[in-house]
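**Q** Going by numbering that gives the first Met the number 0, the first residue of the sequence shown is number 0, and it counts up by one from there.
By construction, these hints were calculated from the structure, which means they are not laboratory data.
Heads up, the beta-carbon is just placed ideally off N, CA and C, and yes, glycines get one too.
Do not rely on the hints blindly, as some may be mistaken.
Taking lysine-lysine pairs in the BS3-like style, the calculated list, with each CA pair at most 25 Å apart, reads [to be verified]: (1) K429 to K538; (2) K17 to K353; (3) K242 to K143; (4) K95 to K158; (5) K208 to K185; (6) K284 to K439; (7) K170 to K102; (8) K402 to K291; (9) K170 to K95; (10) K283 to K446; (11) K291 to K599; (12) K560 to K126; (13) K208 to K291.
Beta-carbon label-pair distances, calculated as ranges [as the list claims (entries may be wrong)]: (14) A149 to N535: 34 to 40 Å; (15) D101 to E545: 40 to 46 Å; (16) G358 to E545: 43 to 49 Å; (17) A149 to D572: 23 to 29 Å; (18) D540 to T239: 50 to 56 Å; (19) G260 to V588: 34 to 40 Å.
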Amino acid sequence: MNEEINMSKTEWDLEILKTKGDEQFDNYWNKLERSYQEFIKKWKERKDYLEKPEVLKEALDEYELLLQEYASGGRITYYYALRNQQDQNDIEIKAKLAKIEDKATKLGNEIQFFSLNIAKIPIESQKSFLTSKSLTDYKHFLEKSFSESAHLLTEPEEKIMNLKASTSHSKWVEMVERLISKEVRKIIIDKEEVEKNFWELVSLTSDTKKEVRDQAAKYVNEIIVKVYDVAEEEINAILTDKKVDDELRKFSRPDQARHLGDDLDTRVVDSLVRAVTKNFDIPKKFYELKAKLLGQKKLAYHERNVPYGKIEKKYSYEESVRLVHEVLNNLDQEFGEIFKGFVQGGNIDVKPRKGKSGGAFCIHFGKNLPTYILLNHTERLQDVLTIAHETGHGINNELIKRKQNSINFGTPVSTAECASTFMEDFVLQKLMNDADDELKLTLMIMKLGDDVSTIFRQIACYNFESELHKEVRDKGFLSKEDIGKIFQKHMSAYMGPAVEQDPGSENWWVYWSHIRRMFYVYSYSSGLLISKSMQNKVKNDKKFVEKVKEFLSAGEADSPKNIFLKMGIDISDENFWEEGIKEVRTLLVETEELAKKLGKTK
0 MNEEINMSKT EWDLEILKTK GDEQFDNYWN KLERSYQEFI KKWKERKDYL EKPEVLKEAL
60 DEYELLLQEY ASGGRITYYY ALRNQQDQND IEIKAKLAKI EDKATKLGNE IQFFSLNIAK
120 IPIESQKSFL TSKSLTDYKH FLEKSFSESA HLLTEPEEKI MNLKASTSHS KWVEMVERLI
180 SKEVRKIIID KEEVEKNFWE LVSLTSDTKK EVRDQAAKYV NEIIVKVYDV AEEEINAILT
240 DKKVDDELRK FSRPDQARHL GDDLDTRVVD SLVRAVTKNF DIPKKFYELK AKLLGQKKLA
300 YHERNVPYGK IEKKYSYEES VRLVHEVLNN LDQEFGEIFK GFVQGGNIDV KPRKGKSGGA
360 FCIHFGKNLP TYILLNHTER LQDVLTIAHE TGHGINNELI KRKQNSINFG TPVSTAECAS
420 TFMEDFVLQK LMNDADDELK LTLMIMKLGD DVSTIFRQIA CYNFESELHK EVRDKGFLSK
480 EDIGKIFQKH MSAYMGPAVE QDPGSENWWV YWSHIRRMFY VYSYSSGLLI SKSMQNKVKN
540 DKKFVEKVKE FLSAGEADSP KNIFLKMGID ISDENFWEEG IKEVRTLLVE TEELAKKLGK
600 TK
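Let the hints inform the model, and build the full structure from the sequences given.
**A** Structural data, given as structure tokens:
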């Protein structure tokens, strides 16, 4: 039976960050700057830390303490970044955030000498640092630094790269997001006219009532067209900026920087992409089955996520929290306690609002700062899974805080989605275990839909990104129509003929934020396939959850490959990805058989 949880806080409580207002923030910022300047003054002109392991240990200890309190501009930057997500139309907040981020970037530039100097320690001297017992806690940080050295520029050049990042990338992206977030439309639901923002409309494209989802899709297309020309300029600008960055850093391919930053061998990602792409027959068969079950010859593009069956039940936030908490608590009581802390502590912003950022995410800024989760909960079952997904990220963050220093605090993208999909799948599996055949079929379709979206759709998007970057580099500029054709080509490649690529759907790249993060999407696929392995081990031996917790606590203290090898998982083996994909194929066969048994298909 679930313990009592206080769910009265449904918006972020940011007081722990703000304390006594802007005046207090001014004092905080002054202290932050003094701390940075003291570190710079002490180490800027010294070279002995590049020659003696014991001196580097002293410097890294001081650097780690600086990051504990002031990483990424500390709590003042965190506060305004979160406020901006709550209301992207608040110009005053946006202006304050921009000013603070500019200051933080300049401070980051001033201290960048430290990491650059470490990365460029001569190869012949690196072994003495890597084998030093005094530097054990920083060993993998040093390994990564040495591997990145070939792609680093001089200190003045790195400062320029940091300064231009805002104007050449983030402000372009923010502009499109802001234009989209401003848009609202009136839509008829149950004979009542209601006003919905863009992200609510996107959610409604999967409504069980066809007239609602078709109406919502019409308005989504209408809003996209309104920002279409701006998005064309935006995507070309950020892709060209990426091209320039890669040329300066001597990366041979557009996704190489992502792999290096994620501490992953490019060959591992290539093997994942190949394995998933060659199994695109799985999602094609799934959509064919789903169309039959829904009594349609083909699904419209926006209908691919329409729920099948009788899951019209609304899941209130309160009910969703109880369900997720029960599952997490059964897995491990520490998981349950962390989630309870998020709910009761005002760490979750729950409801959609005009101006609020769309979708869902989990964010953290540093070892000494709280984790926050953003939701746009509309009482669908999918929203329950979203809570579990984002909480997985949050649990990951909190466990790392407890075990790692600030230098190792974080997760490379290659492993970040493992925790989220691990927690999400156990929540869905609980529902399936208690279901009769009719409900089980519904949930199996939901599970397949989730697997298809997470594994196959994301790799189709990765393939889209790869071609998009190549074409921009070859041609210099791509029209929105050309981008649409490339997008439609790759969406069709995994959806197959059972999903109609109807007019307007080729433009839905406009609001897909993940492609603005450059090759980030592969991690959803790798994360789910890896988490399937962890799930199976936990099901076979509940004590294995302790190994899972070790992984969730590891942060960046070791490479993903080594972390997983300790769990008996070899992600460098191409057959590993095939094994996970076979599980999806098996589920598809079982679902087809159950649908036939129930007389739903011939």
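**Q** So which hints don't hold here, by number, going up?
**A** Hints 8 and 16 not satisfied by this model.
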